[in-house]
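Please build the complete structure, drawing on both the sequences and the hints.
Every number in the working numbering is 653 more than the matching position in the sequence shown, counting from 1.
For the record, the hints were derived by calculation from the structure and aren't laboratory data.
Certain hints may be false.
Label pairs and their calculated CB-CB ranges [stated by the list, open to error]: (1) 710 x 664: 14 to 24 angstroms; (2) 669 x 703: 13 to 23 angstroms; (3) 718 x 663: 31 to 41 angstroms; (4) 703 x 679: 13 to 23 angstroms.
Note that CB positions come from ideal geometry on N, CA and C, so glycine has one too.
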Amino acid sequence: MAAGPQIASEPSWFKSSYSGGNTTECVECSHSANGALIRDSKTSGGPTILVGSEAWRCFIGAVSHASNCVRSTM
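Pasting the structure below:
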């Protein structure tokens, strides 16, 4: 008997340590093979956003060094 499609395991969600622990006023993230998944912590069953690996690295780099961020003038 041929094996059916593999079901992906549930993402392992986490919040920033700066979010205040058990508060629900933040976003949650999960690593994926293609980047990072992001969702609203208030609606854990709601939609998620997939951000590509390179875009996620750039975002984390920018917020980690906020004093070095270039602000857009758009």
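The hints, checked one at a time:
no.: 1; hint: 710 x 664: 14 to 24 angstroms; result: holds, 19 angstroms
no.: 2; hint: 669 x 703: 13 to 23 angstroms; result: holds, 19 angstroms
no.: 3; hint: 718 x 663: 31 to 41 angstroms; result: holds, 32 angstroms
no.: 4; hint: 703 x 679: 13 to 23 angstroms; result: holds, 19 angstroms
The structure fails none of the hints (numbered hints given earlier).
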